[in-house]
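Q: Given these sequences and hints, build the entire structure.
Residue numbers (my numbering), protein chains in the order written: chain A, 1 to 563; chain B, 564 to 1126.
To be clear, the hints were calculated from the coordinates, so they are not data collected in a lab.
Heads up, some of the hints might be wrong.
Footprint (simulated), chain B over chain A, 3 or more residues, beta carbon under 8 Å [stated by the list, open to error]:
id : segment
1  : 235-249
2  : 342-356
3  : 520-534
Restricting the straight-line Cα-Cα distance to at most 30 Å, the calculated cross-link-like pairs of lysine-lysine (BS3-like) are [said to hold, decoys possible]:
id : chain 1 : residue 1 : chain 2 : residue 2
4  : B       : K958      : A       : K214
5  : A       : K34       : A       : K58
6  : A       : K136      : A       : K112
7  : B       : K1098     : A       : K546
Note that the coordinates shown come from a computational prediction; the quantities given were computed from them, not determined experimentally.
Think of the CB as a built atom: it goes at the ideal place given N, C-alpha and C, for glycine as much as any other residue.
Number of protein chains: 2
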Amino acid sequence: MSKKKGFHPDWRETAPESGTYRDVFKWGAPDQFKHPNSGFYALLKEELGLTDAHFQKKQSEGNETVRCDIPISLSEEQISALKELVGEDNIRNDDFSRVKYGSGKTMEEALKLRQGNVEQVADLVVHPRNVDDVRKIVGYSNEQKIPLYVVGGGSSVTMGFRCSQGGIALAMGKHMNKLLDFNETNQTATVQAGIMGPDYERILNNAPELLKAKRRYTCGHFPQSFEYSSVGGWIAALGAGQQSSYYGDMYDIVLSQEYVTPAGNLKTLDYPATATGPKINDIMKGSEGAFGVLVGATLKTFRYMPENRQKFGFIFPDWESAVDGAREICQGEFGLPSVLRISDAEETEIVMRLYGVSDTLIDRGMSLRGYEPGRRCLCIGMAEGEAGFTRNIKKNVKRICRKYGAMYISGMPLKNWEHGRYTDPYLREDLNDFGVIIDTLESSVTWDKLHDLWRGVRGHIKSRPNTVCMTHASHFYPQGTNLYFIFIAHMSDVGEYKQLQDGIIDAIQAHGGSLSHHHGVGKMIAPWMEEHLGKEQMDVLRALKKHFDPNNIMNPGGTLGLD
Amino acid sequence: MSKKKGFHPDWRETAPESGTYRDVFKWGAPDQFKHPNSGFYALLKEELGLTDAHFQKKQSEGNETVRCDIPISLSEEQISALKELVGEDNIRNDDFSRVKYGSGKTMEEALKLRQGNVEQVADLVVHPRNVDDVRKIVGYSNEQKIPLYVVGGGSSVTMGFRCSQGGIALAMGKHMNKLLDFNETNQTATVQAGIMGPDYERILNNAPELLKAKRRYTCGHFPQSFEYSSVGGWIAALGAGQQSSYYGDMYDIVLSQEYVTPAGNLKTLDYPATATGPKINDIMKGSEGAFGVLVGATLKTFRYMPENRQKFGFIFPDWESAVDGAREICQGEFGLPSVLRISDAEETEIVMRLYGVSDTLIDRGMSLRGYEPGRRCLCIGMAEGEAGFTRNIKKNVKRICRKYGAMYISGMPLKNWEHGRYTDPYLREDLNDFGVIIDTLESSVTWDKLHDLWRGVRGHIKSRPNTVCMTHASHFYPQGTNLYFIFIAHMSDVGEYKQLQDGIIDAIQAHGGSLSHHHGVGKMIAPWMEEHLGKEQMDVLRALKKHFDPNNIMNPGGTLGLD
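A: So this is what it looks like as C-alpha cells:
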C-alpha cells in the first residue's frame, strides 16, 4: 500500500537529552524504543489517510531544555523549614525536577510538553526518607496549608498527582522503596509505598535466594505500566493488572495499609476477612492521595509457577460470538484464566500485524476456514495456578470456544503479546513525532450493557473521519468485563484532542460504562464524577475528605471530583 | 458412663405456646427439635460434672405469656402519624410484638427471657410496604428524632438490632420480601432486603420454572441461620456462609445496594469492578443499620450444579497437622473447596458422636491406625463448581492431607454434617431447659497467629472447671481462616454467663484475632471496637455516621461502637 516501496520513517533511536521536555514525557526507559512494524505502518497510513510524505518530517520532538517560569509560591522560610525536616539533599526546586515530578503520562501532557508548554508544576519536590519524615511533612503542610501531591512511579494517565495548585510533590520512590517483611506462612509481603513493580516482583520471584523462603512467589499484578509504576500508585488508583482475572485487582490484593493523614495516622488490620463493620482498609483504597499519604501496605502474594502455564489462542467468527464465549468462560465455575483478551474486528486486524500472526500459516488457515478479516475476532489467553487446575481451564476454554464457532490457533499469539506487553506504549513517541496521537480510555460494564457501550463509544470515535478505534476486553468477571478503547488520529492540536477525549468520556457515561476500570479518576475524569455517582454518593466521599483533610491540602484541585 | 442405664432426659417435644417468652427465644421452627443423642448426652454429663439426676427436673422454660411494662415513649400523635404513613395494619404495639421484634438470638437474651426479664424493646413495630414507606418513615423519624431499628430475619447473635433506646422496630420481612429481577446474562438477582434465605434460594434453584431461565442457580450463601435470616441481614452484618470459601462472603457477593438514609437515598452502581475512587458500595456493607435502611440489593448468583459436588473426609493425627494441611490446600492455587472444616481434638470427639462416626467401621479403622482420641482431628469438606474443577480439588486435597499424615474416611461425615447443618442450634433449647448454656464466639486470624489465638481463647475457657470448649476453622482464605469457639457450661446466672463471654472476647482481642469473622458487631461486641480498630479508624466510622445520620436515629445505642 505504501507508494514508495520500502520507505520507512526515520523512527527515533536516540534517548532524550537529559533535562529536556522529551526526558519528561517519554514513556519508559530512555534508551528503549518500539517502532511500528511495516504492516502496522501501512495500515496506519491507510486508515489515517496519510502518505509516506507525511512521515518524512518530524514535528516538535521536545528536545529543548525544560524551562519553568511559574513562580514558586512557597516562602523562603517554608522551604528552609522543609529542608530542616528532611535534609537539604532531599529537596529539589530546579525547573526540571518541578516539571518532571509534576507531570504524568497523559496524551494531553505529552502534547503540551512537546511544545514547551508547562502549565502546572510542583513548587518543590521532596523525597521523604521514612514514615517519620512523612508525618513531619504532612503536619507542617497542614499547619501551613501547603498543597501536597504524592508521586509514585509517575505513570498516571488521569492527571492523578498533577500539582494543580503548586505546593509539594512528595516523591516516594527515592527512599521509601523497600520490601520490609515477607511472611511465608501467610503468603504476604509488607512493602513501602514507593517500591517499583519490577523490584518487588524480582524479590518475590527470587524468594528462596533473597528471603530464605521455601518457594518462589509472584505479586500477581502486572499493569501495562508495570515497569514504571509503584505499589503505592497501584493501590491509590485502584489498578488492575493484565492477569487480574485470576489474581484479582489491587483492591483484592491489598490486605492492609498504613496512612499518614492530616487527621492522624492509621494502619488497618490484616485479617483475611472480618465482620467488624465497614472496612477501613477498603475505604482508603482508591483515595488517590486525597485523604492522606499511603506509606506502606501488606499484600497477598501467590506461588510463582510459570511451569504450569497453559496458553491458548482462538479466532472467533465475529465480536458477538467472542463476547458470548468469554462470558461463558467467566461463568463456567472452573476458575478464570489469568490472561483473557478478546479483540474486536478492527483491533484484530491490527494486532495480528503487531503480534506477527498476519501472513503466517495461522492466518492462511483462518481465511481458508472462512474467518473473514473485518469480522473475525482474536482471543488470546493463559491460565495460571496448579497444574491440574490450568489444564482443566484450557480444556474448558477450548470446549466453550468451539461451541461459539471459534478455531484454535495455538498459544503463539499470546506469546507474542507477552513479549510486547510492556513496550507497546513506546509506540506513542514514534507516532507523536509525526503528529499522530494514540491514546486509550477504559471502562467496565456488565455483560448486558457491553454491546451498547461498545457501539456507543466506537460510534462516537469512528464518526470522526480517518480515526482508528481498536477495542478489547481484557479483565473478566462473572458479571461483566472491561472495554479498553484505543484511538489513533492525525492531530497535534491540544484543543482538538481534548474535544475528542471529552466526547469519548461523555459516550462512556451515556452508554452505561464505569468512568474507569483500572486507570483511576485523577483530575482528568473528575468533572464527570458527580453525574456518575450522583450527589448522595459524592457527598459520602466529600464527608470522608472533610474528615481526613479539613484544610484540603491533600491532592487538591479536583481529584476524584472532590473540589 | 450414665449411672442409670437407659435414662433419657425428657427433652421437650412441644412447640411453645403462642405469645409466650419461649415463642420469642426458641431457635428456628416452633415445632422442630434436635435433641442430644445418647453419646453426646453421656459426654456432656462427664464433662460438665453432672449426673442423670440433674436432668430430671427442668428449669424455667419461658412458658409464661409475654408481658412488657416498659412504657411506650412515642406520643399518641406520633403513633397516629406513623399509622397514617403505612396504614394501621402495619403498626403493632402489643407486648408480644414489642418484645419479639426487639429480641435477637443471643444466649444472654434467651437466659433473660426464660426468667420473664424484658429489658429493651421496641415502642412500636412498623412493617413498611415499599421503599416509599421507608422513605417516609426515615424522614418522619429523623424530624421527630425517633430511634429506628431495622429488623430482618431476627437471628442476630450480637444484639445487632436490639432496640436499646425504644423507638421503632422496622420489620422488613412482612412485605419487602420479593425477588424483583433476575438477570441471567449477568447472573445477578435484585431483591428486596427482607427476602428470607430459603425463599430466595428456592426461586434461584427453580429458575427455569419460575423465572424462565436457561439454568438453575444458587445464592451461594448458607449461614447456619440460613432458614431464619434475611438477605438484608446477611449484608448488614457482613455474614459468611458455610460455603464461603468457594462462593465468597456477603461482602464479595453484593454487587450493588439501595439505601434510604437521613442524608438522602442512594443506589450504588453495579459494575463488576471499577477504579472510580473509594467504593461507596463497600463503605455501606456492614453498617448494621447505623447509616440508613438497606432496602434492596443486587447480588451475584452462581450456577447450581449439585451433581458435580465432591465430598471428602479425613482424620489428622493432631491439630497442628490439620492446620498445616488446610493451609496448604488454601495456598495451593487449584481453587478452594466450598466447605472445609477442621475440628480440634475436643470438638472431634463430640462431632464424631453428633455426626454418627463413633463406633462405626471408620472409628475402628482410625483407632487401629493409631489416630488417638484426644489428639486426632476431623476434617470434612466438599468442592463445588464445574465437574473437572471439583475432581481436581478433591485430588489435590487428598494428596495434601496424606502428606500431613491424614487418613481418608470418605464423604460420610460430611453428609451427616450437611443433614444437621441448620438444626444444630436447636440443641440450645434442650440444654437451656436443664440449666446448661451453649454459645459460640468467632474470630478471624492470619495463619501465623492461629495457634496463639486458639491456645489463648481455649485456655481461658478451659480455665473454668467443667466447661466444654469445641473449636473449628470453617471459612478459609489463602492468608488465614476463622476460629469458631463453642462453649458449654452448667450455669443459669446471667451475670456469670456475661463474665465468661466478656473474658472470651478479651482473650480474642489479646491474642490477635478479629472481633468477629461473620456474626457482626452489634451492641454486644461494640465496647471492644475502639481498642480493636484504634481511635483513628473509629473516627472514620464516626465521620460516616455523622454524615449519614446527624441526629443519631439509626440503630442508636452503641452499634459498631459508635455511641
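Q: Next step is simple, just say for each hint if it's right about the structure.
A: Structure-based check of each hint:
1. 235-249: Since three or more residues must qualify, the claim that chain B covers the segment 235-249 of chain A holds, with 5 doing so at under 8 Å.
2. 342-356: Check failed, 0 qualifying residues.
3. 520-534: holds (count 7)
4. B:K958 <-> A:K214: 23 Å, holds
5. A:K34 <-> A:K58: 17 Å, holds
6. A:K136 <-> A:K112: Given that 30 Å is the threshold and the Cα spacing comes to 35 Å, the pair is violated.
7. B:K1098 <-> A:K546: 17 Å, holds
When the structure is compared with the earlier hints, violations turn up for hints 2, 6 and for no others.
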